[in-house]
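If you read the sequences in order, they're chains A and B. Quick note on numbering: the first sequence equals residues 1152 to 1406 in my numbering. Quick note on numbering: the second sequence equals residues 571 to 1209 in my numbering.
Treat the hints with caution; some may be incorrect.
[Stated by the list, open to error] The calculated DSBU-like cross-link candidates involving lysine-lysine, where the alpha carbons are at most 30 Å apart (straight line), are:
#: 1; chain 1: B; residue 1: Lys806; chain 2: A; residue 2: Lys1314
#: 2; chain 1: A; residue 1: Lys1283; chain 2: B; residue 2: Lys717
#: 3; chain 1: B; residue 1: Lys808; chain 2: A; residue 2: Lys1211
#: 4; chain 1: B; residue 1: Lys645; chain 2: B; residue 2: Lys717
[Claimed, not checked] Stretches of chain A that chain B covers, calculated by requiring three or more beta carbons in the stretch to come under 8 Å of a beta carbon on chain B:
#: 5; stretch: 1221 to 1235
#: 6; stretch: 1359 to 1373
Hints are computed from structural coordinates only; laboratory data are not their basis. Computed from a prediction, not measured in an experiment: that's the story for all the values here. Yeah, the Cβ is synthetic: ideal placement off N, Cα and C, and Gly gets one too.
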Amino acid sequence: MALLEVTGLKKTYTTRFGGAQVHALVNVSFTVDTGEYVAVMGESGSGKTTLLNIVASLDKPTAGIVYLDGLNLGVIKDRAIAAFRRDNLGFVFQDFNLLDTFSIKDNILLPLVLANVSYDEMESRLTPLAHKLGISDILAKYPYEVSGGQKQRTAVARALIAKPKLVLADEPTGALDSKASDGLLKLFSEINDDGQTILMVTHSVKAASHAKRVMFIKDGMVFHQLYRAGKTTEQQFSAISDVLTAIATSGERDA
Amino acid sequence: MIAMSYIILYLLTSNSLLSMKGGGTLKVVLIFGAIIIALFSVVIILYANSFLIKQRKRELGLYNILGMEKRHIAKVVSRELLYCAFVSIALGLGVGILFSKVVLLLLGAILDFNFGFGFEISPIAIIITVIGLVLTYGIALVWDLAKVGVSKPIELLRGGEVGEREPKTKWPIAVLGVLTLGAGYAMALTIKNPSAALGMFFIAVILVIIGTYCLFTAGSIAVLKLMRSNKRYYYKPKHFINVSGMLYRMRQNAVGLGNICILSTMILVMISSTVCLYYGMEDSLRNEYPNDVELFGSMSTQSYYEDVKSIVEEAIPMANCDISDYRCYRRLELTLGDDNGSLGNITEFMDVFGNSNECSVFIIPLEDYCDLQGVETSLKPNQVLAYSSDGSLDYDQVSIVGIKYDVKEVLTELNVEPYYNYLDIHAYYFVVADMDQLNVISDALSDRFYEYDTPRFSFYIGMNTDTEHEELLFNTISRTVTDYSSNSDVELASIYYRCIADARESYLGIYGGLFFLGICLGLVFMMAAVLIMYYKQISEGYSDRRRFEIMQQVGMTNSEVKGTIRSQVLTVFFLPLVAAGIHLMFAFPMLSRMFTVLSITNYNLFLVCTLVSFGVFAILYLIVYSLTARTYYKIVSSD
């Protein structure tokens, strides 16, 4: 069953001083099933972050509908949207977006606190999760005291603690060194193996090669899809590279 | 900044104008005020400058990276500052000159003096102001250039994003804060003696200042950390964000908030007390001068009193004005120790601590009592009529320097001039049978206590009239009395007369000047406090923007964000105000006691002055708050 269904998505920005219209998304339709691990790839400006923002209900589409678990995001009232996001979506950002006024623990608990969960419940969810992510010993520290990889794992913990239906990751490895990236991608795969649906936006071939499916976006449209289907990470890596080369040399791009 | 400069200017202008027209005490007061304002505006300009340069660090860093040499950046910065200085000086002078007349007229209204309608520009004031401002901007420039000079481009780029460390709880400081604040408050509350209050006030003020800073810096963090350690309280949406946000804010702002708190308290104390002094002036005058025109004479001979009395009574109609509260009586004035109706030499009644129950005793002959009250009564030589202004005297028998008298009656009313003493000394009045009894007491005193000179009897003549006629009446009386004295053998020095009108002028000079200064300084300080506040909030808005963005991403609603912002800004804003209010509350008893030294005993007046100043201050504060909150929210919510 499709957890996420996107049909005919279109997003047009008007530049501030009127005039030129920018078509970030032209016509995007795809579905993500429960338990899938999908990477969205594309060059800068291809519209992938816009897509993620719309799915995350941080932005509204010009046209088209996004269904999450059968629910039309467009009809949720503004007031309820924050709560909806809190309960159904988890976020992992490129620059972690941790709050420097909170300790690691409090950063992780933030969504639960906002959802008014009891403290005992928070504790019971936090302990196994922190253990699994290997951040149990830094819980009392503050974001500026830990490494980038630890920060990103904190962000993952924060995304997972509310038990969301869908985890959205925006360039999660963008600000990490290669070792920390490897760790994080391994972690994502593990989480996915546990049944967590993940939608990741990236332009790192390596990150995408870990996903079960790669979706290529170009000029606001889904250009191509690639299923891993039993291939090794290395094989997938070269397959993705081929597609990217094809995109870059296709000549259809406006200069 | 511009506003600041014109305030200094107009003070200086009016100052120079005043020196032309004369007004000694006022001039001193104003010069003092001008110096304070000048120093203060220097501080404010420098503060605003450092704030602005901090905000622009990133921009300057970018310039540097894009290939501008430090030399060029320095040029840019100095040229900007030059324009800024030029504009603010020009504007400040313009506004200052325009408003100088208004302020002068205002001062005239306060001082009851007509300055006329001419318009003057004071070149000296302009020159002084310009020099002062140029120097200030010079310092600011040097500061900025030094900042640019030592900085590295990367640091400039990163600007404000230096890692935030969690504040440590400093329990000793928090405890010290509680102790010093408590001690200061306790002093303010317990000191009853006004003259002691004057000395202790500064100690109390210093204690409270220390306490305020300690509590704002360490105490607030300690409290917040305690709140945080209570898990069930802390992990609620509202508390969670507020407590951690405040913790972070307090680390940055505690000293600033302390400053504002102290500044606000100073403003409030200053304004309320100067307002009170001004409006309480008439009270104060009344306490010092119970009657508009007064004559004190020492009575060398019986006939001298009779003569002066008749001369004065003849002179009064010549002044051709209405007279009220005319009183004329002889008296023997003594300062004695009081031990339950036994009145004697103070030293005899001293306790082991050297304290004695001191009282002022007036002995009045029956004849004058009858005149004063317009009654007929009689007394035996061993009888007295007793009276005390506060009704504290109710003995059946009294002993005055060893002579025993029966109290025939305790009077409820005696038409003497009101007695005032800030030291809370009781005044007792005894009416004795005749002048012989006065002599008996006087002799007894000089026999028993060698340190007493033979007390001379004095007489008092006092009367009131309406304000316009005070001086006329006074001049008429003093002229006739002087004429009489020069024609008689009695030396003139033995008679002393005074008029409330003379005192009123000098009082008006001091109190009016202080009132004016209090309001001016109050306004300047208030502006400073408000500016600091505003800049603080705005700069915080920028750093908070990102935080609120993140919170919205993880599922905080817009209204929740608004609510948190409101409550945090509210706390930051009103913490100092509330603390200032509490300080003021505790300072109030001490201040009102100090006012009694200045002969202002109208407690209610001071209360009203204080409340009104606090109210006005709070309203202004509220306006600034709402402006700031709006700007802050705009900054935070803009994408």
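Going through the hints against the structure:
1. B:Lys806 x A:Lys1314: holds, 19 Å
2. A:Lys1283 x B:Lys717: Violated, at about 48 Å.
3. B:Lys808 x A:Lys1211: Status holds; Cα separation ~28 Å.
4. B:Lys645 x B:Lys717: holds, 13 Å
5. 1221 to 1235: holds (count 5)
6. 1359 to 1373: violated (count 0)
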